[in-house]
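Protein chains: 2
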Amino acid sequence: MAAPGAGFWSFGSEEGSGDPDNPGPAKAWCQAAQKFTGGISTKLCALLYGDGDKPMETGATKEEPTLRKAACSCNKKPCGCQKEDINYAFLHASDLLPNSEGEAATLSFLQDVVDILLQYLVTNFDRSTKVIDFHYPNELLQEYNWELSDQPQTMEEILLHCRTALKYAIKTGHPRYFNQLSTGLDMVGLAADWLTSTANTNMFTYEIAPVFVLLEYVTLRKMREIVGWPGGAGDGIFSPGGAISNMYAMLIARFKMFPEVKEKGMAAIPRLVAFTSEHSHFSVKKGAAALGIGTDSVILIRCDERGKMIPSDLERRIIEAKQKGFVPFLVSATAGTTVYGAFDPLIAIADICKKYKIWMHVDGAWGGGLLMSRKHRWKLNGVERANSVTWNPHKMMGVPLQCSALLVREEGLMQSCNQMHASYLFQQDKHYDLSYDTGDKALQCGRHVDVFKLWLMWRAKGTIGFEAHIDKCLELAEYLYNKIKNREGFEMVFDGKPQHTNVCFWYVPPSLRIMEDNEERMNRLSKVAPVIKARMMECGSTMVSYQPLGDKVNFFRMVISNPAAAHQDIDFLIEEIERLGQDL
Amino acid sequence: MAAPGAGFWSFGSEEGSGDPDNPGPAKAWCQAAQKFTGGISTKLCALLYGDGDKPMETGATKEEPTLRKAACSCNKKPCGCQKEDINYAFLHASDLLPNSEGEAATLSFLQDVVDILLQYLVTNFDRSTKVIDFHYPNELLQEYNWELSDQPQTMEEILLHCRTALKYAIKTGHPRYFNQLSTGLDMVGLAADWLTSTANTNMFTYEIAPVFVLLEYVTLRKMREIVGWPGGAGDGIFSPGGAISNMYAMLIARFKMFPEVKEKGMAAIPRLVAFTSEHSHFSVKKGAAALGIGTDSVILIRCDERGKMIPSDLERRIIEAKQKGFVPFLVSATAGTTVYGAFDPLIAIADICKKYKIWMHVDGAWGGGLLMSRKHRWKLNGVERANSVTWNPHKMMGVPLQCSALLVREEGLMQSCNQMHASYLFQQDKHYDLSYDTGDKALQCGRHVDVFKLWLMWRAKGTIGFEAHIDKCLELAEYLYNKIKNREGFEMVFDGKPQHTNVCFWYVPPSLRIMEDNEERMNRLSKVAPVIKARMMECGSTMVSYQPLGDKVNFFRMVISNPAAAHQDIDFLIEEIERLGQDL
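Same order as they appear, the protein sequences are chains X and P. Taking full-length UniProt numbering, I'd label the letters of the first sequence as residues 1 to 584. Taking full-length UniProt numbering, I'd label the letters of the second sequence as residues 1 to 584.
For reference, chain X alone in the conformation it holds in the complex:
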């Protein structure tokens, strides 16, 4: 059956007719011509419309008309090679699959999108290209017409949009992109993500995601094994990011101590308090706000000069809270803080949690990856004593966004905490083993498939491949540290070799080097990093983050998780900062 109303919007915005039964005469002929194959339809339409009459948007970049003539020499059926001329200026979404005659056009269109993506990929890794072609928001908004309208556009315009979107995108796989904890672009992970999109399903039941549900089961078990829980026993889920994983941990910890909170709410239980370090991620407070615990009930524990939680301060504050009548229910230790990359002393914290019977969560969103390295995993010693662990493979392990795991030691707790027994999703009389229907332990109903890219990368690299990547990134961070620790114009924010790949430093321009260490100098220094960063982005040469922290004014936080980065890129970064900042 042809889609009813397909004619309604098959040929663009000219003539302004919204009446499906009465398209303009050129439209009607051209629609009829679509029945022909072998490029005849395109030629007919071109004749009918004339060249100047194509429905085109003003403002979009014009490149050469997309007309492909390619001989297919492959043996695959179907293949992505073009078998006929396709003029995208006359092709619309309604001409693609599931339109019964849409197969050739679909394959051609998708292949052309892939060609655009592959072209982008290659430049992504090319040091001679910019990391970003930066434009201010208003410029971008004015330069293009991004608005959504009633009428369809042609596939030619759609392909242009794809090119435009990538033209202004950050090249997150570029060897000189260091801006976030998640950088790089893994080819196997990318392939897996393309496959995930193509499968287009949802994780809530085995019924509709059999392979992915099993892979999640296998992968989470493996991750728990690596954490150190015997036989990989326990529970877990892939959640939409580390903040949500941490929120899960808080939710489950509260439920474990006071299961009645699920039905009765916070009104029925004592006043709770959670503890985390002053350098911890803001998601701990965000979670407390959301869960009705309140940010005031998150007590920030002091850190040493390297950003590690001070256990004696933790114990003191626990005792203090108990004396005030509050109930400590959670300690969220951090393995790899966002700015300093510090690892809280997990063994000492575990002892305290055991002593006071408090749920120990380890936020290893950033540092969890180090568990894959025999050389560096000691930094997380004690993690095996945690009740729950957040670990984001999309950070240090280079898995494409988004891939965050929450691991829980006690099995069944997530299910009891979150299940609502929706009978329309989790039917109890299905014909297969229901333990694979994992949706009811989630906060989400629909849940994106985040596991396949991690699983496929793991198969492709092996654990030792992840290890090699992590060791290399740590080695590069040490290289950077060694190069700048005594270099003129650089000041380290904290002393000593970095524990993670975070290297925090100020660049001090020549004009400031001779100044006394007073308020004016601090004030001027605080403006250096933002200006250098703005210049970097305008040049598009590299990207690195900066921020103030506590009483420390704006400093650069370099992090390395990018598999494309090499020593030359570290050298470049140092010189680029000097070049961009010397006149400040």
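Worth double-checking, as some hints may not be accurate.
To be verified - Taking lysine-lysine pairs in the DSS-like style, the calculated list, with each CA pair at most 30 angstroms apart, reads: (1) P:Lys-527 x X:Lys-483; (2) X:Lys-167 x P:Lys-222; (3) P:Lys-472 x P:Lys-485; (4) P:Lys-167 x X:Lys-430; (5) P:Lys-441 x X:Lys-441; (6) X:Lys-308 x P:Lys-552; (7) X:Lys-355 x P:Lys-264; (8) X:Lys-357 x P:Lys-264; (9) P:Lys-430 x X:Lys-167; (10) P:Lys-375 x P:Lys-472; (11) X:Lys-430 x P:Lys-354; (12) P:Lys-483 x X:Lys-264; (13) P:Lys-222 x P:Lys-256; (14) X:Lys-430 x P:Lys-308; (15) X:Lys-430 x P:Lys-222; (16) X:Lys-430 x X:Lys-308; (17) X:Lys-430 x P:Lys-256; (18) X:Lys-441 x P:Lys-527; (19) X:Lys-264 x P:Lys-357; (20) P:Lys-308 x P:Lys-130; (21) P:Lys-485 x X:Lys-264; (22) P:Lys-308 x P:Lys-167; (23) X:Lys-264 x P:Lys-441; (24) X:Lys-264 x P:Lys-354; (25) X:Lys-264 x P:Lys-527; (26) P:Lys-264 x X:Lys-552; (27) P:Lys-441 x X:Lys-552; (28) X:Lys-167 x P:Lys-441; (29) X:Lys-354 x X:Lys-322; (30) X:Lys-430 x P:Lys-130; (31) P:Lys-222 x X:Lys-308; (32) X:Lys-441 x P:Lys-222; (33) X:Lys-324 x P:Lys-264; (34) P:Lys-357 x P:Lys-264; (35) X:Lys-308 x P:Lys-264; (36) P:Lys-167 x X:Lys-222; (37) X:Lys-441 x P:Lys-167.
Stated by the list, open to error - Cβ-to-Cβ under 7 angstroms is the rule here; a few derived chain X residues that face chain P: (38) Gly-231; (39) Ile-244; (40) Gly-465.
Keep in mind the hints are simulated off the structure, nothing from the lab. If you're wondering where the values come from, they're calculated on a predicted model, not measured in any experiment. The beta-carbon is built from N, C-alpha and C at its ideal position, and this holds for glycine as well.
Starting from the structure of chain X, add chain P where the hints point.
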């Protein structure tokens, strides 16, 4: 620079050497041979290892060796066409980009993955193929070795895994897949999702997602316009699914009434109650449990026989709650319930919310799409009076998973409710307009780019394209209803034409038709749908959901959101149910 440690894992699992500086002799030679181009390396490696010595996994399906020889006749540089022989049996992830010599191998590998995906796509829409090749969890676990190991696998094995994953996947785009509210596979949406994966970035700041942040801004404003808020004013976010969108609404409603809850928690505010219908989605209760409100504080309002909330019962329960000293803070009305597809009477509910000063949320996850149809949008009349609206383009609008929007009428509220001012992410001294850094209003820190697929589909189809799709699905549902309402062996669960595409019915096998309407008949009837469903899945012919609801035993819930579905598929479904159930 070559990746340090790359040799550590470049050639598979034999020899068991973990020492990067001392690979086995064949490995070392083969590694050296990688420097040659033109297929020489492959041939050298094959010679060195011999055929029987390839590192291969037992248990994986073997197809013909993946050796491609393709002439490139396109003019694109770079292109996805193969320029040299690549033997995947000797290719590893470490040989791909960013490996400096990995370009050709990468393009070849990704092109081969795309060929697998395109092949899958075409069969997806082919009615002569199965919707699913069903296997029980234990069968699948035993048939393949899914485990993760220390050693890398070859790209040949990786390609096999891709084929295997798709072999057992549900064909969610298949014209006879009706199992969930999200079905179908849109080609433009898919292309956009591939692009999104390739861009591999995060929505928290304009800095790292300039185009996507602007497109989210434009798209949310357009959606608010369609809801009916003047000029599209207001706020919103794309969240990881409807359950999280509903949770946001509850969170913001609570904050609006008692902003001190953010710091002080639920202990500092009165006991809250929320209202939703007994047919509403379970996420309302799930959200209440998570937010510390408690499921007991979600009062379920009675529905009429069509599943619509009864406004008089809502008002009665509000008054009752207030008399008990509770504070009503939220009414979550449903536009398109999950099972019946019912639309709550929004105007009457808006009047009550106004009278009692309660936040009105509309859960239009499923029904929101009807706003795009001039013929059907009256069913949501009154939605413009809501304070917040959940609307999932990944359901009725056929956008690939995951794409859910929460729209909020009052601007700035999300930001105040959720912001934590993390200085390392949302620096206040950046060089561009900070209002585009939307991350701090989210519960998530990292947030996946969900907007591009919706935006690109909208450009490709126009609003009228979505309208045509929705009208067609509704027409098909009416067609199904008309065919079965008086058909022997079918009983409707509720009377009258469906409001959405949900058609709920029992199939009554011949043996039950002659029985009296007693408990035994009910008991037997409750077993019919599960058996037919199991048989459907084993045949792989079609998939449709079933569930009990209240005092109604297991019935089929047919829903149509699949753009590939046509009248013939509805006819098929009816006959297939009869075929599979006649002996019961």
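| Are the Cα positions of P:Lys-308 and P:Lys-167 separated by 30 angstroms at most? | violated (41 angstroms)
| query | Are X:Lys-264 and P:Lys-357 close enough, with their CA atoms no more than 30 angstroms apart? | reply | holds (24 angstroms)
| said: Quick check on X:Gly-231 please, does its C-beta sit within 7 angstroms of some C-beta on chain P? | reply: Interface hint status for X:Gly-231: violated (13 angstroms vs cutoff 7 angstroms).
| Taking only the CA atoms, is the gap from P:Lys-483 to X:Lys-264 under or equal to 30 angstroms? | Cα-Cα ~47 angstroms, so violated.
| Has the given pair, X:Lys-308 with P:Lys-264, been kept, meaning a C-alpha gap of at most 30 angstroms? | holds (27 angstroms)
| Taking 30 angstroms as the top limit, are the C-alpha atoms of X:Lys-354 and X:Lys-322 close enough? | It holds: about 15 angstroms lies between the C-alpha atoms, which stays within 30 angstroms.
| message | Hint check: X:Lys-430 vs P:Lys-256, CA-CA at most 30 angstroms. Holds or violated? | response | Roughly 43 angstroms separates the two Cα atoms, so the pair is violated.
| request: Please work out if X:Lys-441 and P:Lys-222 have their alpha carbons no farther apart than 30 angstroms. | output: Distance ~34 angstroms between X:Lys-441 and P:Lys-222 Cα, so the pair is violated.
| request: Given the hint that X:Lys-264 pairs with P:Lys-441, test it: the Cα-Cα distance must not exceed 30 angstroms. | output: holds (28 angstroms)
| Quick one, are X:Lys-167 and P:Lys-222 close enough, alpha carbons at most 30 angstroms? | Satisfied, since the Cα-Cα distance of roughly 24 angstroms is no more than 30 angstroms.
| request: With a cut-off of 30 angstroms on the C-alpha distance, tell me whether P:Lys-441 and X:Lys-441 pass. | output: holds (26 angstroms)
| field | 30 angstroms limit on alpha-carbon distance, applied to hinted pair P:Lys-430 and X:Lys-167 | value | holds (22 angstroms)
Comparing the model with each earlier hint shows violations of hints 1, 6, 11, 12, 15, 16, 17, 20, 21, 22, 25, 31, 32 and 38; every other hint is respected.
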